[in-house]
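From first to last, the protein sequence lines stand for chains A, B and C.
Residue numbers in the first sequence follow this note's numbering, run continuously in steps of one, and reach 206 at the last position.
Residue numbers in the second sequence follow this note's numbering, run continuously in steps of one, and reach 206 at the last position.
Residue numbers in the third sequence follow this note's numbering, run continuously in steps of one, and reach 206 at the last position.
Just so you know, these hints were derived from the structure itself, not from any lab.
None of the values given here were measured: they were computed from a predicted structure.
Treat the hints with caution; some may be incorrect.
[Said to hold, decoys possible] Straight-line Cα separation of at most 25 Å, SDA-like style, residue types lysine to any residue; simulated pairs:
1. K200(A) x K193(B)
2. K193(C) x F78(A)
3. K193(A) x L143(A)
4. K26(B) x I149(A)
[Said to hold, decoys possible] A few chain C residues that face chain B, going by a derived Cβ cut-off under 10 Å, partial list only:
5. A23
6. R25
7. G32
8. F33
9. P56
10. V66
11. T146
[Unchecked claim] Distance ranges between label pairs, derived from CB positions:
12. R25(C) x K193(A): 40 to 46 Å
13. V191(B) x A180(C): 57 to 63 Å
14. G113(A) x R79(C): 47 to 53 Å
15. R79(A) x N62(C): 42 to 48 Å
16. L117(A) x E140(B): 27 to 33 Å
Idealized CB from N, CA, C, for every residue including glycine.
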Amino acid sequence: MSLIFALEMLGTAAFAVSGALAASRKNMDIFGFTVLALMPAVGGGTLRDLILDRTPVFWVANPWYVAVALAAALAVFFRRFRPGGRTRLLVWMDALGLALFAALGTEISLEFGAGPLVAVMLGVTTGVAGGMIRDVICNEIPLVLTGDIYATAAFAAGLVFVGADALGIDRNLGLVAAVAAGFGVRAAGIVYKLSLPSFKEPPDTN
Amino acid sequence: MSLIFALEMLGTAAFAVSGALAASRKNMDIFGFTVLALMPAVGGGTLRDLILDRTPVFWVANPWYVAVALAAALAVFFRRFRPGGRTRLLVWMDALGLALFAALGTEISLEFGAGPLVAVMLGVTTGVAGGMIRDVICNEIPLVLTGDIYATAAFAAGLVFVGADALGIDRNLGLVAAVAAGFGVRAAGIVYKLSLPSFKEPPDTN
Amino acid sequence: MSLIFALEMLGTAAFAVSGALAASRKNMDIFGFTVLALMPAVGGGTLRDLILDRTPVFWVANPWYVAVALAAALAVFFRRFRPGGRTRLLVWMDALGLALFAALGTEISLEFGAGPLVAVMLGVTTGVAGGMIRDVICNEIPLVLTGDIYATAAFAAGLVFVGADALGIDRNLGLVAAVAAGFGVRAAGIVYKLSLPSFKEPPDTN
Numbered sequence: 001m002s003l004i005f006a007l008e009m010l011g012t013a014a015f016a017v018s019g020a021l022a023a024s025r026k027n028m029d030i031f032g033f034t035v036l037a038l039m040p041a042v043g044g045g046t047l048r049d050l051i052l053d054r055t056p057v058f059w060v061a062n063p064w065y066v067a068v069a070l071a072a073a074l075a076v077f078f079r080r081f082r083p084g085g086r087t088r089l090l091v092w093m094d095a096l097g098l099a100l101f102a103a104l105g106t107e108i109s110l111e112f113g114a115g116p117l118v119a120v121m122l123g124v125t126t127g128v129a130g131g132m133i134r135d136v137i138c139n140e141i142p143l144v145l146t147g148d149i150y151a152t153a154a155f156a157a158g159l160v161f162v163g164a165d166a167l168g169i170d171r172n173l174g175l176v177a178a179v180a181a182g183f184g185v186r187a188a189g190i191v192y193k194l195s196l197p198s199f200k201e202p203p204d205t206n
Numbered sequence: 001m002s003l004i005f006a007l008e009m010l011g012t013a014a015f016a017v018s019g020a021l022a023a024s025r026k027n028m029d030i031f032g033f034t035v036l037a038l039m040p041a042v043g044g045g046t047l048r049d050l051i052l053d054r055t056p057v058f059w060v061a062n063p064w065y066v067a068v069a070l071a072a073a074l075a076v077f078f079r080r081f082r083p084g085g086r087t088r089l090l091v092w093m094d095a096l097g098l099a100l101f102a103a104l105g106t107e108i109s110l111e112f113g114a115g116p117l118v119a120v121m122l123g124v125t126t127g128v129a130g131g132m133i134r135d136v137i138c139n140e141i142p143l144v145l146t147g148d149i150y151a152t153a154a155f156a157a158g159l160v161f162v163g164a165d166a167l168g169i170d171r172n173l174g175l176v177a178a179v180a181a182g183f184g185v186r187a188a189g190i191v192y193k194l195s196l197p198s199f200k201e202p203p204d205t206n
Numbered sequence: 001m002s003l004i005f006a007l008e009m010l011g012t013a014a015f016a017v018s019g020a021l022a023a024s025r026k027n028m029d030i031f032g033f034t035v036l037a038l039m040p041a042v043g044g045g046t047l048r049d050l051i052l053d054r055t056p057v058f059w060v061a062n063p064w065y066v067a068v069a070l071a072a073a074l075a076v077f078f079r080r081f082r083p084g085g086r087t088r089l090l091v092w093m094d095a096l097g098l099a100l101f102a103a104l105g106t107e108i109s110l111e112f113g114a115g116p117l118v119a120v121m122l123g124v125t126t127g128v129a130g131g132m133i134r135d136v137i138c139n140e141i142p143l144v145l146t147g148d149i150y151a152t153a154a155f156a157a158g159l160v161f162v163g164a165d166a167l168g169i170d171r172n173l174g175l176v177a178a179v180a181a182g183f184g185v186r187a188a189g190i191v192y193k194l195s196l197p198s199f200k201e202p203p204d205t206n
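Turn these sequences into a full structure, and let the hints guide you.
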C-alpha cells in the first residue's frame with residue numbers, strides 16, 4: 001500500500017509537471033500553472049470517481065494528491081525545477097504514472113460494480129482524460145488522440161488487470177502484471193518511437 | 001420498453017458515427033475515433049445522470065450503449081462503414097436519436113425530482129451536450145450554438161413532455177408526442193434548411 | 001439569508017451577462033446565448049457540488065439561479081439590455097459575485113468535509129471554473145489563466161474564510177470578511193489595472 005502510494009505521488013508529480021510545462025508554453029500566470037498542473041494530475045481520477053459515484057473523490061479524501069501537484073506547478077513556475085536535462089527522467093516517471101493510474105483505475109471500477117468493458121474504459125479514462133482536458137484548455141487538439149502510443153499503454157494495463165481478475169489471480173499480482181504491461185507498451189512506444197496509424201483522407205484502402 | 005431500447009441503440013449508433021466522422025476529419029488514430037464517438041453517444045446522458053445523482057450512470061449499468069458506440073467508431077475507422085451514399089439515412093437516425101434522448105432525458109429528470117424548467121434543460125443537455133464536447137475537443141466552436149435547428153428540436157421534445165406530464169397524460173403517450181414533436185421540428189429544419197437567426201454586430205435594431 | 005440570496009442573484013446575473021456577451025462576439029444564436037450564460041452562472045458551483053457529492057445540485061434544488069441566468073441571456077440577445085454605458089456597473093456586480101461565490105463555495109466545502117486546502121480550491125473553482133468553461137467553448141484560452149487579478153481575488157476570499165473558520169470566528173462574520181477580502185483584491189486589480197506576472201520564455205531569472 002505504502003509503496004503504491006509512493007509511486008502514485010511520483011506519477012502525480014510527473015503528470016503535474018506536464019501541465020505546468022503546457023502553462024509555460026502559453027505564458028500563463030501562476031494560477032494558470034496550478035490549474036493546468038491539476039488537470040492531468042487529478043482530472044482523470046476525478047471523472048472516474050464521479051461516474052462511479054465513489055465518494056469522497058480521492059483527492060478530497062486525501063489532499064496529498066493536490067499538494068504534490070501544486071508543489072510541482074510552483075517548482076516549475078519559480079524555476080526551482082527546470083526539466084532541461086531531466087526530460088528523460090520525466091518521461092519515464094510519466095510512463096510509470098500512466099500505467100499505475102490505468103491499472104488502479106481499472107481495479108477501482110471493477111470494485112465499484114463496473115463490468116469488464118466499462119472498467120477498462122474507466123481505467124483508460126483515469127490515465128488519459130486529465131491530459132486531454134489540459135490540452136483542450138490550451139486550445140489544442142489532445143495529443144493522445146492523434147497517434148502516440150499512450151492511450152494504448154493505458155488500455156494494455158486495463159486489459160491485463162481485467163484478465164487477471166477474470167482468472168481469479170490475486171489482486172496485488174494482477175496490479176503488478178497490469179502496471180508492467182502498461183509500462184512495457186509505453187516504453188516500447190518511447191524507445192522505438194512507435195505511433196498508431198492515423199486516419200488518412202481520402203480513403204485509400206478497402 | 002424493448003422498442004424504446006432498440007430506437008436508443010439506433011440513435012446511439014448515429015451519434016457515435018458523427019463523432020467518428022469528426023475524428024476522421026482531424027486524422028485521428030483509432031483511440032481518437034473511440035473517444036470522439038463516445039462523447040456524443042453517451043456524454044449528454046452522463047452529464048444528466050451526474051447532475052441528478054442518478055447512479056449508476058446509465059452506461060455503467062448497461063454497457064450496450066458503450067459497445068454500440070465503439071462498434072460504430074471501429075466500423076468507420078476500418079472503413080467497414082462509409083457514410084457516402086448513406087448520409088441521408090444517418091441524418092434521419094440522428095434526428096430520431098436527438099428527439100428520443102431529449103424526451104427520455106426530460107422524463108428521467110422529472111422522475112428524479114427536477115422541476116419543469118430544469119427538466120427541459122436537462123432533456124436538452126441529454127440531446128446536445130455530448131456533441132458540444134465532441135466539437136470542443138476538435139477545437140471548434142460547437143455547431144449547435146451557431147444557428148442550426150438542432151437544440152430547438154430537443155427543446156420542443158422536452159417542452160411537449162413536460163406539458164403532457166403537467167396535463168396528467170400517460171407517460172408512454174407523452175413520450176410518443178415528445179419524440180414526434182422533436183423529430184418534426186428537426187425534420188422541418190433539415191427539409192427546409194431552416195436556421196435560427198444569429199446575433200449580428202453591430203446592433204442594428206431596437 | 002435573504003440578503004445573501006439577493007446578492008447571489010445579482011452576481012448570477014452579472015456572470016450570465018459575461019457569457020451572453022461572449023456569445024454575441026461569436027455571433028451565436030439564441031441557444032448559444034443561453035448555454036454561454038449558464039456556464040459562468042452555474043458551472044463552477046455545479047462542479048463543486050458534483051465533487052462534494054452535494055445533492056441535489058444547487059440549481060436543481062432552486063431553479064431561480066437558472067431562471068435569472070436565462071433572463072439575462074435573453075435580455076442581451078433581444079437587446080433589452082445593452083451593456084454600453086453600464087459596463088462599469090457590470091464589472092462591479094461581477095466582482096461582488098466572484099467574492100461571494102468563492103466565499104460561499106469555501107464554506108460549503110468545509111461543511112461537506114473538505115480540509116482547508118481543498119476547501120479553498122473548491123471555493124476558487126466555484127468562482128472561476130464556469131467562466132473557464134465559457135472561454136473554452138468559445139475556443140479561447142481562459143482569460144483567468146493569463147494574468148488578470150481575478151482568481152487571486154477568489155483565492156483571497158477562500159483563504160480568509162478558512163482562516164476565520166480555523167480561529168472559531170462566527171460563520172456570518174467569516175463570510176462578510178471573506179467577501180470583503182475577495183472584493184477588495186478584485187477592486188484593487190480593477191482600479192489600479194494590476195495583473196499577475198506571466199511566465200516568460202526563455203528563462204531569464206532564477
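Handout entry: 25 Å limit on alpha-carbon distance, applied to hinted pair K193(A) and L143(A)
Key = It holds: about 15 Å lies between the C-alpha atoms, which stays within 25 Å.
Problem - Minimum beta-carbon distance criterion (10 Å), P56(C) to chain B - result: holds (7 Å)
Problem - V66(C) as chain B interface residue, shortest Cβ-Cβ below 10 Å - result: holds (6 Å)
Exercise for the section: Would you settle whether the hint for T146(C) is holds or violated, based on the nearest Cβ-Cβ distance to chain B being less than 10 Å? Expected result: violated (18 Å)
Practice task
Just tell me: holds or violated, for the beta carbon distance of G113(A) and R79(C) against 47 to 53 Å?
Solution key: This hint holds: roughly 51 Å between Cβ atoms.
Practice task
Starting from the hint 27 to 33 Å, judge whether the C-beta atoms of L117(A) and E140(B) obey it.
Solution key: Hint holds: Cβ distance 29 Å, inside 27 to 33 Å.
Problem - chain B contact restraint on G32(C) - CB to CB distance below 10 Å - result: This interface hint holds because 3 Å falls under the 10 Å limit.
Handout entry: Hint consistency between K200(A) and K193(B) [alpha-carbon to alpha-carbon, up to 25 Å]
Key = violated (31 Å)
Problem - Given hint I149(A) paired with K26(B) - CA-CA distance at most 25 Å - result: holds (18 Å)
Problem - Interface hint for A23(C), Cβ within 10 Å of any Cβ on chain B - result: holds (7 Å)
Problem - Closest C-beta approach of R25(C) to chain B relative to 10 Å, hint status - result: holds (7 Å)
Practice task
May I ask you to test the hint 42 to 48 Å on the CB atoms belonging to R79(A) and N62(C)?
Solution key: Taking Cβ atoms as reference, R79(A) and N62(C) lie about 46 Å apart, which means the hint holds.
Figure legend: structure checked against the earlier numbered hints; hints not met, in rising order: 1 and 11.
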